[in-house]
Each structure stands twice: as C-alpha cells, then as structure tokens.
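Order-wise, the sequence lines are chains A and B.
Residues in the first sequence are numbered consecutively from 0, following numbering that gives the first Met the number 0.
Residues in the second sequence are numbered consecutively from 0, following numbering that gives the first Met the number 0.
Some hints here could point you the wrong way.
Just so you know, same-sequence chains aren't split out, so a pair can sit in one copy or run between any two.
Unchecked claim - Mimicking BS3-like on lysine-lysine, the simulated pairs with C-alpha atoms at most 25 Å apart in a straight line are:
id, residue 1, residue 2
1, Lys181, Lys154
2, Lys18, Lys46
3, Lys75, Lys118
4, Lys12, Lys186
5, Lys174, Lys154
Don't read these hints as lab results, they were simulated from the structure.
Protein chains: 2
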Amino acid sequence: MDIQVLKTCIENKDEEGIKDFILPLHPSDIAKALTELEDTEQIIVFKFLPAEIASDVLLEVDEHTRERLISSISDKELIEVLAEMETDDAADVIAELPEDDAETVLDGISREEGVEVRKLLKYPEDSAGGIMQTELVSVSEDATVQETIEQVRAKSEDVPNIHNVFVTDNDGRFKGTVSLDKLILAKPHLSVHDIMNQETVRVTVDTDQEDVAKIFQKYDVVTLPVIDADGKLLGRITIDDVVDVVEEEIFEDFYKMAGLNTDERVLDPPSRSFKLRAPWLLLNLATAFLAASVVKVFEGTIQTVVTLAVFMPVVAGMGGNAATQTITVVVRGLALGELEFRHAKRVLLNQVIVGFANGILTGTAAVIVAHLFGISYTIGILLFLAMITNMIIAGFSGTVIPLILKWFKADPALSSAVFVTTCTDVGGFFSFLGLATLFLKYGYL
Amino acid sequence: MDIQVLKTCIENKDEEGIKDFILPLHPSDIAKALTELEDTEQIIVFKFLPAEIASDVLLEVDEHTRERLISSISDKELIEVLAEMETDDAADVIAELPEDDAETVLDGISREEGVEVRKLLKYPEDSAGGIMQTELVSVSEDATVQETIEQVRAKSEDVPNIHNVFVTDNDGRFKGTVSLDKLILAKPHLSVHDIMNQETVRVTVDTDQEDVAKIFQKYDVVTLPVIDADGKLLGRITIDDVVDVVEEEIFEDFYKMAGLNTDERVLDPPSRSFKLRAPWLLLNLATAFLAASVVKVFEGTIQTVVTLAVFMPVVAGMGGNAATQTITVVVRGLALGELEFRHAKRVLLNQVIVGFANGILTGTAAVIVAHLFGISYTIGILLFLAMITNMIIAGFSGTVIPLILKWFKADPALSSAVFVTTCTDVGGFFSFLGLATLFLKYGYL
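Please work from the sequences and hints to get the whole structure.
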C-alpha cells in the first residue's frame with residue numbers, strides 16, 4: 000500500500016482514484032491508511048466511504064480520529080453509519096459524543112435500535128452491560144428444534160457470529176443454550192429444552208469486564224449470556240470482545256505502573272502527552288524531594304567523606320530495580336488471580352529472602368568493583384550492608400504496597416512504582432549514609 | 000470452597016470424602032484447590048481424578064505442579080490422560096517431558112493421534128503450528144450440504160467448538176470455509192462450493208503467534224485455517240487459544256521491561272526467583288557503576304558544594320521516571336502495531352518536546368521547592384537546567400532505544416528500562432555536576 004498514491008489522488012481531486020485505492024481495502028487497512036494522512040485529507044477520504052464500511056472504519060481508528068471524522072459528517076450521515084453497527088459498538092461511539100448530539104442521534108436511529116442502544120448506554124463502559132450486545136438468537140423453552148432453526152434463519156442477517164441459541168422461559172428468564180452443531184444434529188421435532196445445556200455459565204449485567212474475561216478463560220466458552228438480577232436474558236458477550244478486554248486491561252496495568260494516564264497513545268500530539276504526564280511527574284517530584292531531604296540530613300557526613308556521594312546512586316538504583324522486579328511479579332500474579340491474600344505471608348517472606356540473597360550477591364560484586372575503583376574496604380563494607388538492606392526493603396515494599404492497594408480495592412498497579420521506589424530511595428540513602436555516619440562517629444571511617 | 004475440609008480428608012485417608020469434595024468441581028477449580036495443598040497432598044488428590052478430568056486439570060496448573068503431577072503417575076496413566084487432550088494441548092505437555100519419556104508416551108497414544116502430535120511437536124511453540132490443533136471438520140469442495148452436515152455429525156464427538164467446516168480440493172489444499180449457521184440454512188442438495196466463503200483469511204504454519212493474534216483481532220474471526228507452503232490445510236487455530244496468546248505476549252513485554260525472566264511466577268520458591276533475577280541485577284550493577292563513575296569525575300565539585308549531592312537524586316530520579324513513561328508508551332505502540340518505523344521521526348520529535356515541556360514545568364517546581372529548602376538561586380538554576388536536559392534525554396533515549404532494538408529484530412521491551420535509565424542517570428549526573436563545575440570555574444557558585 001503506497002500512501003503517496005492516495006495523497007496524490009486527494010491533491011488532484013481525483014475522486015475515482017481515491018475510490019479505486021480505498022474501497023478494495025479491508026476496513027482495518029483503511030483505518031490504518033487514514034492515520035497516515037493529514038487531518039483534512041482524512042475527512043476527504045472518509046466522505047467516500049459507504050455507511051457500512053465507514054462504520055467498521057470508525058471502530059478501528061483511535062479516539063481522536065474518530066471524533067474528528069464524526070464531526071466532519073452530518074447528523075443524518077452519522078445516524079446511517081451507526082445503524083450499520085452492532086448495538087454494543089454503537090453505544091460505545093454514542094457514549095463519546097457530546098450530550099446534545101447523542102440525543103439527536105439516538106432519536107434518529109430506527110426506533111427499535113435506539114431503544115436498545117439507550118439501554119446499553121446506562122451500563123458502565125467496563126461492565127458486562129457495557130460490552131454486551133443485544134443481537135442474539137433466543138427461543139422459548141417449549142420451541143422445537145425445527146422452530147429454533149427457523150429462528151436462526153430469521154435472525155441470521157442481523158446477528159453476526161451466532162454460535163449459540165439462547166433458551167428462555169416465558170418470562171424471558173435465561174434457561175440454557177444450544178450450540179449450532181447440536182442443533183444441526185438433533186431431530187427436528189425434539190423440544191429444544193431436551194437438547195439444551197442447562198449448566199451454561201452466565202454473568203449478571205454489573206459484572207466487571209475483567210471478571211468476564213476470566214470467566215471466558217476459565218470455562219473456555221465462546222459466548223456468555225448476560226442476565227439481570229431476576230435472571231432475565233439481556234444480551235450476550237462474544238469472545239472476540241474479550242480479546243480486546245484482555246489486551247486493554249493488561250496494558251492498563253502496564254501504564255498505571257509507569258504512572259501514565261491510560262488514555263495516552265504513542266501518536267498523540269505532544270500537548271496532550273504533556274498534560275497527561277505532568278500530574279504524575281509532579282507527584283514524583285514530591286517523592287524525589289523526600290529522598291533528597293534524607294540526603295540533606297547527612298550533608299555533614301558527605302562533606303567529610305565525599306566518596307559516599309559517588310556510591311549513593313548505586314545503592315538507590317539497585318534497590319529501585321529490585322523493587323520493580325518484585326512489583327511486576329506481584330502485579331501480574333494479582334491480575335491473573337494466581338496471587339490471593341491468603342498467599343500474602345508466603346510471598347512476602349519469599350520476596351524478602353530473594354532480596355536478601357540478591358543483596359549478598361550484588362553487594363559482594365559491588366565491593367569487588369568498588370575495590371577496583373580504589374575504594375577503601377570500609378566504604379566497601381558500607382556499600383555491602385546498605386545494598387542488602389535496600390534489597391530487603393525492595394522485596395518488602397514491592398510486595399506489601401500492591402497488596403495494600405488491592406486490599407483497599409484500588410488497582411494494585413496504580414503507581415505502585417512511584418511508592419515503592421520512594422521506599423527504596425529513602426531506605427537506600429538512609430541506610431547507606433546513616434551507617435556511614437555511625438562508622439564516622441566511632442572512628443571507623 | 001473450604002480447603003481445610005479437603006486437607007482433613009487427606010489426612011484421615013478418607014477416600015470417599017476426597018472424591019465427594021473434588022469431583023463436583025470444575026477442572027479449573029480443582030487446579031486452584033491443588034495449588035493450596037502441599038506437594039504430597041496434591042499427588043494423593045490427583046490420583047483420584049478420572050483421565051478426562053485429570054487432562055483438563057493438568058492444563059490449568061502451573062508448569063512446576065504439572066511436572067510434579069506427571070512424574071507421580073505411570074507412563075500408562077499419562078498416556079490415558081494425554082489421549083483425552085486435544086492434539087495441540089497434548090503436544091504442549093509432551094514438549095515439556097524429558098526426551099525418553101516423550102518417546103514412550105508418543106508410542107503409547109493411539110497410533111493416529113501419536114502421528115498428529117508428533118507432527119505438531121516439530122513446530123516452534125510460539126508459531127501458528129505450535130498453537131494449532133489438528134481436530135477440525137473438513138470436506139472436499141464437491142461435497143453437498145447434506146454430506147457436509149453428515150461429516151459434522153461424524154466428527155462432533157471428537158471436535159469441540161466446530162464453528163466452521165473447512166473446504167479443500169482433492170489435493171487437500173484449503174479452498175474456503177462454511178460457518179455452521181450457513182450450513183443450517185442452505186438447501187441440502189447444494190454444493191458446499193457454492194455457499195462457502197472463499198475470502199477467508201489463512202495463515203501459514205510458521206507465522207509467529209503474535210501475528211496470528213493480530214489477524215484474529217483485525218478480521219474478527221473465530222477460527223483460522225493453518226496451511227503449509229503449498230496451501231495444504233494442516234490444522235486450525237480457535238480464538239480461545241488466542242486469548243491466552245495475547246495475555247502471554249503482553250505480560251512478556253511487561254516482564255522484559257522490568258528485567259525479569261518470562262518464566263518467573265509469583266508463587267515460585269525463592270531459590271528459583273533468585274537465580275532468574277540475579278543476571279539482570281548484575282547487569283544493572285554494571286550500569287550503576289557507569290553512573291557512579293560519572294559522579295566520581297566531579298568529586299572535587301561535590302566536595303566544594305556538598306548541597307549538589309542532595310539534589311543529584313532528584314535530577315536522576317525525575318529523568319528515570321520520564322524515561323519509563325516514554326518507553327512504556329513506545330513499547331505499547333510497537334506491540335499493538337500503532338507505531339511503525341515511518342512514524343519514528345515524528346514520535347521522536349514529540350517525545351523530545353514533551354520532555355522539554357515537562358522539564359520546564361517540573362524544573363520550575365523544583366526550583367521553588369528547593370528555595371523553600373533554603374537553597375541558593377544559583378543551585379536552583381543548575382537544578383532547573385539539568386532537569387530540562389535530562390527530561391530531553393529521557394524522551395530521546397526512551398524512543399530511540401526500543402526502536403533500535405526493534406530494528407535489529409530484538410524485542411523492543413527487552414530490558415529497555417535498564418538501558419534508558421542508564422542514559423538518564425549518566426546524562427543527569429553529567430549535566431547537573433558538569434554545569435556546576437562550569438559555574439564554579441567562572442565564579443558563579
């Protein structure tokens with residue numbers, strides 16, 4: 000795909016050329032092509048897309064581009080595009096619109112779908128209700144296999160990826176599912192009740208999307224019925240949505256640990272990245288000054304033995320790295336459900352032991368290297384002791400801080416890194432310079 | 000689930016009690032229960048599981064437990080358990096066995112399945128071949144709809160989650176797919192060739208699993224045919240395997256950035272964590288000494304103005320944090336394919352601008368706070384300049400280093416953090432202390 004060709008067509012206002020280039024592409028490739036164009040070019044190209052393709056493209060581009068493209072078309076065009084989407088996707092797009100526009104659009108899309116989308120908009124974005132779709136095939140439990148097949152036929156145009164038929168009682172309460180292969184193989188006059196799977200797992204509409212993803216993985220299912228508190232069937236979640244949820248949730252942890260706003264993207268303009276990052280960097284500055292104030296206490300000691308200043312970064316840096324290792328392992332364990340509170344004592348002990356062992360190893364290595372630097376054995380011993388202490392602090396705080404965040408129902412990844420490295424900075428400087436001060440006082444240094 | 004009940008049953012050798020507790024559970028819940036038992040207790044419980052449940056449980060437990068459980072049963076029992084697994088899972092388990100055992104087991108499982116598993120074992124674990132299964136329903140393109148349905152019937156016992164029927168020509172070359180809902184709706188005498196989807200995406204057997212996952216997400220498919228270089232159909236990948244791949248790949252990035260071996264788990268014994276972490280910490284020690292040697296160059300300056308030692312950690316720490324933010328955004332962009340080499344110049348410029356802007360902001364804040372610390376304006380100016388410089392270094396190295404790793408086909412997440420924070424440590428100390436030395440020389444300090 001040579002984007003230059005498309006750019007030339009746009010420049011020459013060659014409408015046929017634009018269409019020939021863009022229309023044969025898969026929607027996700029069109030989305031990719033758009034990201035390589037200037038804003039004004041994007042809008043020109045987008046106008047050439049028929050509603051059914053435009054709807055797929057809108058779902059593939061990033062939030063900013065989507066906003067820009069939507070504001071470039073009329074409400075009427077937007078309504079056409081949204082009508083082509085599945086209800087869950089349409090709800091997601093409408094949720095991003097300003098309130099007035101959202102109302103106009105909801106009024107515009109066909110009465111039935113408007114009602115469905117309105118219902119979906121009530122649910123939080125990251126709940127089962129927020130990711131479910133209302134398109135599904137359902138039959139009453141007294142339907143026959145033949146009637147069920149007819150229902151599949153009737154809905155097959157509107158419902159993509161059917162996978163399962165959902166069975167409900169006459170009050171709409173979820174009773175079970177029948178997979179399509181069972182349906183193919185069953186005798187036509189049988190009651191669907193007799194061939195359905197009644198043990199199907201289900202989720203209530205307020206289940207967190209992270210838990211939904213875990214259920215999919217645990218039970219190896221492809222679709223999951225979503226019910227309300229009375230057991231009524233409201234919608235279904237399909238596994239392709241779960242892939243996105245899994246990706247989103249893990250990257251969120253990643254971002255939170257690095258102190259990033261989860262909305263930042265690599266191609267964002269600098270003004271946006273600056274704004275999103277600044278608050279966390281300012282918080283970091285506060286913690287950095289906390290570490291600095293520890294050093295300040297020992298200014299006199301450093302004045303006397305200036306070599307200490309040379310090795311301060313080694314103690315703090317190694318502690319920080321060991322801490323990052325520990326938090327990462329702990330956060331991953333919590334995210335995947337491998338680590339639970341009842342393991343806390345064991346994991347804490349393990350991490351402290353690992354810290355101690357690595358402290359001995361790297362402390363010894365540090366002393367040897369420091370000796371090659373021509374440093375006295377006394378400072379070597381200080382370095383050795385401070386590194387062990389700080390590695391133990393790293394293991395301890397790297398385990399305890401994410402667990403505490405989790406205990407208070409906060410996200411364990413949430414800036415764990417900043418809190419933990421504050422512990423290792425403060426702990427590292429305090430142990431290294433504090434020990435040095437003691438050594439000085441008793442005449443060993 | 001009260002694990003104490005189970006433990007008591009084991010202690011009392013109450014076989015019925017163990018069975019009553021464990022057998023009604025879902026295999027993944029059994030796996031979870033096992034992790035809470037002592038090693039010897041695990042083995043006792045595992046012996047009570049019928050082969051079909053044992054096979055699911057083996058796939059749910061972690062690698063160490065799996066190894067332990069497998070070595071607790073006879074080859075004959077293991078063969079029975081493996082025969083219950085899908086070919087891709089059986090191949091994964093066998094790949095973990097010592098070579099001799101693997102041979103015995105392969106000879107043992109039924110001739111046909113043994114051949115299939117042997118074929119799968121040839122493919123790298125992280126390729127399409129490594130994650131595909133050979134269980135699928137395929138028909139020749141001259142089959143009728145009726146014949147295809149009969150084929151589904153014949154295979155429905157052995158092939159879970161059929162979703163699609165794969166259509167091949169007489170040489171076994173992949174031609175297209177028919178989804179089950181299409182099959183239900185088609186007239187029985189039609190040729191499957193007329194209703195199949197010929198545009199189905201496919202992957203060759205050596206495709207990297209990360210690319211496979213991207214194709215699933217891009218084309219929103221539930222199964223993907225795997226073909227060889229001649230276009231022959233070898234197997235299929237189902238979307239539930241992709242969820243695991245996505246999770247695995249992202250967490251690998253996470254781990255690599257923190258300098259962790261991707262095999263480490265939160266419940267590993269300390270001896271293992273120690274061994275896995277030590278090499279990276281030693282590498283880190285080397286880079287920490289690099290930073291220390293920069294400080295050493297300026298020992299004289301620190302001796303004269305000891306307050307510099309107090310603010311060294313602020314400059315280095317803020318640079319490190321800004322760098323971590325940049326790398327995380329860049330690594331995520333590369334992992335998701337949002338960032339490509341052609342964006343490099345733009346992203347580099349953006350990140351440097353963000354670094355500069357955040358340098359001005361946090362530098363100013365730092366000067367104000369330093370002033371409250373009672374620090375002279377001259378040192379304030381030094382701090383301000385060094386922080387801006389270091390934030391720019393952070394933006395530059397945080398972008399360039401992952402891109403260079405990617406350019407050389409290495410994983411961009413691979414210890415990016417250690418390289419980049421080395422840059423900000425060295426850069427931070429050099430700019431802060433270097434500027435201070437200049438100020439001193441010209442009498443401003």
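Against the structure, the hints come out as follows:
1. Lys181 x Lys154: both (18 Å within a copy, 12 Å between copies)
2. Lys18 x Lys46: For Lys18 and Lys46, the Cα distance is within 25 Å only inside one copy (10 Å; across copies 65 Å).
3. Lys75 x Lys118: within (22 Å within a copy, 56 Å between copies)
4. Lys12 x Lys186: Result: close neither inside a copy nor across copies, 60 Å intra and 48 Å inter.
5. Lys174 x Lys154: Cα proximity of Lys174 and Lys154: one copy only (20 Å, versus 27 Å across).
In summary, the one numbered hint that this structure violates is 4.
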